[in-house]
Amino acid sequence: MKSGGDSTTIDVEARSPSKGKGPVLAVHHVKEEKGGMKRGMAIIDLVLRIGAIVAALAAAATMGTSDQNLPFFTQFFQFEASYDDMPSFQFFLIAMSIVAGYLVLSLPFSIVSIVRPHASGPRLLLLILDLVALTLATSAAGAATSIVYLAHNGNASSNWLAICNQFGDFCRNVSGAVVASFVTVVTFMFLILLSALALRKHH
282 MKSGGDSTTI DVEARSPSKG KGPVLAVHHV KEEKGGMKRG MAIIDLVLRI GAIVAALAAA
342 ATMGTSDQNL PFFTQFFQFE ASYDDMPSFQ FFLIAMSIVA GYLVLSLPFS IVSIVRPHAS
402 GPRLLLLILD LVALTLATSA AGAATSIVYL AHNGNASSNW LAICNQFGDF CRNVSGAVVA
462 SFVTVVTFMF LILLSALALR KHH
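Mapping of the sequence shown onto my numbering: residues 282 to 484, in sequence order.
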């Protein structure tokens, strides 16, 4: 602005239209990064659950079809080994079927965690139910393991004879079922760890 012969200059501070938005953009970027990490963990959770379903169903199906007959003198008089002759194997079949059913029902909640990675409710629910299912699967696997060990090695103190020399197919089936159940147990451990990490990142 000019006054008479003198000139007076007024400096006007130029304001950037983005001034003051830097921290907001940074926070938004951090939230997007955390959301992407949680979504990735939720995808891993879904894949692990599908794998656990396969392992649990394999354990239940293998145990449920474990049956072998041995002819003795004639084809009309036979020795039979079946899973339903032993309460531990019956409990194993029921428990692993329940675990497999729960895993199938948990898939929608896992998908919700992918769609809404910041939602802590579904993740917390899965964590609690996974702990219950892990306990059930571990008890079933442990009970079946003790019987499989006796079937392979016997126990002289209690006059329990090893039967795997005669019932080889039966022992292979029940042993495979036990291995599949422990795969399910290990998978549950990873699922619980993922849920705990995801919930921790909410805070």
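Incorrect hints may have been included.
Unchecked claim - Now the in silico label distances, taken between C-beta atoms and shown as ranges: (1) 321 / 440: 49 to 57 Å; (2) 317 / 447: 53 to 61 Å; (3) 442 / 392: 49 to 57 Å; (4) 400 / 366: 27 to 35 Å; (5) 435 / 395: 44 to 52 Å; (6) 361 / 402: 48 to 56 Å.
If you are wondering where the hints come from, they were derived from the structure by calculation, not from laboratory data. C-beta atoms are modelled at their ideal positions from N, C-alpha and C, and glycine is treated no differently.
Given the hint of 48 to 56 Å, check if residue 361 and residue 402 actually sit that far apart at their C-beta atoms. The hinted range 48 to 56 Å holds for residue 361 and residue 402, with Cβ atoms some 50 Å apart.
Given the hint of 27 to 35 Å, is the C-beta distance from residue 400 to residue 366 inside that range or not? violated (47 Å)
May I ask you to test the hint 44 to 52 Å on the CB atoms belonging to residue 435 and residue 395? holds (50 Å)
Outcome for the supplied range 53 to 61 Å, where the beta carbon pair is residue 317 and residue 447: With Cβ atoms ~58 Å apart, the hint holds.
Between residue 442 and residue 392, does the beta-carbon spacing fit 49 to 57 Å? holds (50 Å)
Taking 49 to 57 Å as the hint, is the beta-carbon distance of residue 321 and residue 440 inside that range? holds (56 Å)
Taken one by one, the earlier hints fail for this structure only at number 4.
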